[in-house]
Amino acid sequence: MAEDKAAPVSKSIMVVGGGISGLTTCLEAAEVGYEVFLVEKNPYLGGRVAQLNQYFPKLCPPSCGLEINFRRIKDNPKITVLTLGEVEKVDGSPGNYDVTIKLNPRYVNENCTVCGDCTDVCPVERNNAFNFDMDKTKAIYKPFEMSFPMRFVIDSSVCKGSDCGKCVEACKYNAIDLNADVKTLNLNVGAIVWATGWEPYDAAKIDNLGFGKYDNIITNMMLERLASPNGPTKGQILRPSDSKQPESVVFVQCAGSRDENHLTYCSYVCCMASLKHVTYIRERYPDAKIYIFYIDIRTPGYRYEKFYKKIKEDKNVFFIKGKVAEVNENPDSKNITVIAENAVTGEKIKQEAEMVVLATGMQPTAKNIKLPADLKYNEEGFIINDFEKGGMFATGCANKPADVVSSNQNATGMALKAIQTLVRR
Amino acid sequence: MDKKYGVYICTGCGIGDALDIEGLCGVPKEEGLGVKTHPFLCGKEGVELIKKDIADEGINTLVIAGCSRRVNFDVFDFEGCIVDRVNLREQVVWSHPRSKYPALTEEQKDDGEHFDSLQMLAEDYIKMGMAKVKKIDLPEPSILETISKKILVIGGGITGITAAIDAAKAGYDVAIVEKEASLGGYAAKLRSQLPVEGPFEDLIPTVIEAKIKEAESYPSIEIKTDTIVARIAGQPGEFTVTLKKPGEKTEFDVPFPLPDEMKVDEKGKELDVDQLAEVYKEFNKGKNDILTLDPNGEKFGAVVLAAGWRGDKLEGNAFAHLGFGKLPDVVTNCQFEEMASKGRITRPSDGSEAKSVVFIQSPGKGDDDSDFDYTGSITSLVSLKQAKYVREDYPDDGKAYIFYQHMRTPGLQENFYKSIQQDVGIFLTKGSVVSVSKNGDGLIVEADDTLLGEKIQVKADMVVLASGMVPATADDPVVNLAYRQGPGFRDNALFNDYADSNFICFPYETQRTGVYAAGCIRRSMTIEESMEDATGAALKAIQCLESVDRGVSVHPRSGDMTFPDFFFQRCTQCKRCTEECPFGALDDDEKGTPKPNPTRCRRCGTCMGACPERIIGFADYNIDSIGSMVKAVGIPSEDDYSEPPLRILGLVCENDAYPALDIAGMNRLTYSADVRFIPVRCLGSVNVIWIKDALSQGMDGIFLLGCKHGDDYQCHFVKGSELANIRMKKIGDALASLALEEERVAQFDIAIDEYDKIPGIIDSFVEVIEGVGPNPFKGF
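Respectively, the protein sequence lines represent chains Y and P. FYI, in the numbering used here the residues of the first sequence are 1 to 425. FYI, in the numbering used here the residues of the second sequence are 1001 to 1780.
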């Protein structure tokens, strides 16, 4: 294990997590004039929003804002981006933290021109987590179209290494080093902002909603990937069992959220996300019938309410207040029937559809992965901010379930909180 | 700058395989410029080659032909040098394979019939790069002579106070300006408030008192109550602010621009420049012009707009069915809170106990399930809070009923909803309230479609309507900028009068640099959300100050040291730049000559695009630099080939169209090789002279490629593509007068992720041009 002892740095900020919140905190602090280290465990920046097709309510592509942010990074010498980095240890106190970072090898260096010759000859395939395992990539792969940094990476958990070496042979630029090692980086920073984001709640845990049991039940994030032109189906929304274009779709809201057995809180974005998904489906299938089973429709604020109103005008979208209690599959057609009670009329409803989308919620990453620092969490795994103590802060969905706008407001604020810690010392 | 030129061509990534590199090198050689090639220019050796030339031969103006400017940006970054990246990879060899554009055989060369489109494409781009670097310079930042780093916070409520404290904690001086006699705003007028931290279960005493004390403890925070902003003149870093007492009239009150009706005479004819100036003066009688600075004004560097909200008065007849305005015991949530903060809640009509209170979330009937206007998720939370008040005041037999269409308690606020629901005296049901009517001494509320049955009736002592939080900007510009474009934000109508941002990713961006909105003036929010928002706005204010100090632009062109330069000798005072600048960066004087305010500027170049005299430009981006690129394109005519290829110019926005082109190339999507792209900062910066140059050169068609406009506009500079669209429509007339077809100039929308649409858009346009035929001016 190679050890890198960097010179101690004072008056710098570390941001853990390179999703939209981490990017925002990093950029906003750096543009005030502070040095920032951005640590991201994936081989690319952008986190969850890179997996989205469009944002609500403007239906604009996330890559637009990301491109501007990446350009701001390119233009700012005060920012150091460490992808494939994981924080292993944090010691110290506000104003003076010693952080140990594990830098996992990419196995591909800066000579990479993204020509793709390596991928053509690689013999190993892997599940593509970026597309929620709906397709595969080779062991050496480009994370996605607009990855930043734009460079290939090797999944060492499946790569055969020097026993194979076909990619090295194919590479004209000497860009691949199969013997690259894990490195350790020690940094001293004044403040740390945790932007570790969220994971989609594991829908398989929701027994009564059939995810994993029946083919044609997918999650909202999976639908985002299906709708994305750079996704597993090149933007076509096709149902899993037979790749049929669905003529009817059921959305099950609050799948796992607002539920004592799963996530007790409301995940904030799922109502707007499902309404956005209605536009995806309607764009492709003008006549598809869409049924939305909800508890409350939460589209707060003028812009979101306007969006909701527009969706309501669609004559083929039906809103039913009622929590879905169970799902069944027709073994021949593979259609799914959801069963719910209409809360207003009291009648039991059975709705059959060719595909069901579970609007699953968000669970903070820190719930399942213990962060190596002295942080406070609430019961659900969200990091609680202690502004009195200062030094370390949480932003974005690591702090609470939120949409992109609120996350970025919060992230901008946490940049200032980090700066205050530095100024105080 | 004494320029020493060097051209470097990378032959890696398929460039050397596809192109005749010797032929390419001939282009700079013809002009006497040094040129070197390398098979792997971005590698160590390649970079060393360049660095050696810089060190040994003083090369300082480089054309680097190879991959896109969007990659290897850190590799080809040479201090003190001008560098232009010519894209031969993504936009030439990757998107135009030899399989589609075969190289010429020996016989075909010079036969006057065949031509190598791909080679011509590459050679043109090298020519264009060389032409460009001759006309650009390294920027020198424009630094203010004096800068104020004091932050003005407008509004002394929870948001303003939080912003001030946060800025002070980071070491900045702040002044809070509050229109009332004491600080606190609405946050100080509550009985209790919603929780500001987990577990979000119980009401808490108001936090504002502690915050006020904290603010007062900072010597760097100046507090001015009973004060409002009369005008803010100047620019970020040197705002001159005139403060006054509410209701006072001063000569430094801010002037307003003329409403459209006043710009024409009785017959509807537009007034001329002198007449307009007179009407404007009369309209703003008693007020000094915006360019007259208040000698007693205070200097500030940036502004946080935290002027908050007022309760919606629910005027008009829309709520008659709910008895509002008729029945004294039907009140708004604001009025209810006021009563609650003073003591036990009693009926306004007769002072008797209010033991049964009905809360109505949604005013609509039948299908309309929206809450009242300006509510967001606040009223759901507030009704729960106020229901609790009823139970606090009447613990034995107090009852609260909440009729809602949707309980909007998103995120962790769900806990509050769950917690309040536990109270046995609080009943919640979805329902459509049909009417509120008098019932003896009390009231009766009738609702349909509830969870408790089809139609229900509830007897009530009082009814509370969940009305909304109207932002201060609905009534008044508030920020009172002494800008020629007017005192307020111009686009608040998009947000129902809130001072909000149209960008999902950049929530603090407003059309006025240096002014950042926070709290309920931008969206209805809880106290917790407002405090968070205030911290963000304080950061942006600080960031603006520091950027101004370094002489650089803020978002989106963060760090840009260029700024628009004006050659005033040729200004014809047409005012187009002043009117079209999305950020109001220009103020014109009496004659109409624009006064630039560099720190207001975002460097988009819209002014450059607007100017018919072409007197505006940036050090590294100006009329001549782009014009020269256009003129550098080779236009083969019938003198050269029997059927010469078309030449089409594509002016592409560097923010979305250019990346989309790159990704199309990366995916090996192909399109016509007859198009020459020139990236521009924003479609708004496109000056029609470039179109005229292209046409008079003999180019057959021109298209603009950029973001879509409209309410959901994407443009990082707000109006770029919209303005370009308007200008292009006008150019249609000019074309007609030259007997040129309108179709030759077009504008297309693209989003950054729509790279798959690129070939279709380009090739369809080429087809249209093929239809109208070559430019008749070709060859002249």
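Simulated from the structure, these hints should not be mistaken for laboratory data. Because the structure is a prediction, the values reported are computed rather than measured. One or more hints might be untrue.
Derived DSS-like pairs (lysine-lysine); straight-line CA-CA distance at most 25 Å [to be verified]: (1) K389/Y x K376/Y; (2) K78/Y x K1051/P; (3) K172/Y x K1287/P; (4) K1249/P x K1189/P.
Listed below are several chain Y residues computed to face chain P (Cβ distance under 8 Å; list not exhaustive) [claimed, not checked]: (5) E28; (6) C64; (7) F144; (8) E145; (9) E169; (10) C171.
To spell it out: a stretch of chain P is covered by chain Y in this simulated footprint if at least three of its residues, at any positions, have a beta carbon under 8 Å from a beta carbon of chain Y; those stretches are [what the hints assert, rightly or not]: (11) 1260–1268; (12) 1334–1343.
From the three backbone atoms N, C-alpha and C, an ideal C-beta is built for every residue, glycine too.
Okay, the hints, checked on the actual structure:
Taken as a hint, the K389/Y and K376/Y pair is honoured in the structure, with Cα atoms around 12 Å apart against an allowance of 25 Å. Distance hint between K78/Y and K1051/P is fulfilled; the C-alpha atoms sit about 23 Å from each other, no more than 25 Å. About 72 Å separates the Cα atoms of K172/Y and K1287/P, which puts this hinted pair outside 25 Å; it is violated. Restraint check for K1249/P and K1189/P: not satisfied, since their Cα atoms lie roughly 29 Å apart, outside the 25 Å limit.
Because the smallest distance between the Cβ of E28/Y and any Cβ of chain P comes to about 6 Å, under 8 Å, the interface hint for this residue holds. Look at C64/Y: its Cβ gets to within about 5 Å of chain P, closer than 8 Å, so that hint holds up. A hinted interface residue such as F144/Y counts as satisfied when its beta carbon comes closer than 8 Å to some beta carbon of chain P; here the least separation is about 10 Å, so the hint is violated. For E145/Y, the suggested interface contact is upheld, since its CB lies about 6 Å from the closest CB of chain P, less than 8 Å.
Interface hint at E169/Y: violated, since its Cβ lies 18 Å from the closest Cβ of chain P, which is beyond the 8 Å cut-off. With a least beta-carbon distance of about 12 Å to chain P, the hint placing C171/Y at the interface is violated under the 8 Å criterion. A stretch counts as covered by a chain when three or more of its residues have a beta carbon under 8 Å from one of that chain; for the region 1260–1268 of chain P and chain Y the count is 0, and the coverage is violated. Remark: the region 1334–1343 of chain P is not confirmed as covered by chain Y, as 0 of its residues place a Cβ nearer than 8 Å to a Cβ of that chain, below the required three.
Checked against the numbered hints above, the structure breaks hints 3, 4, 7, 9, 10, 11 and 12 and satisfies the rest.
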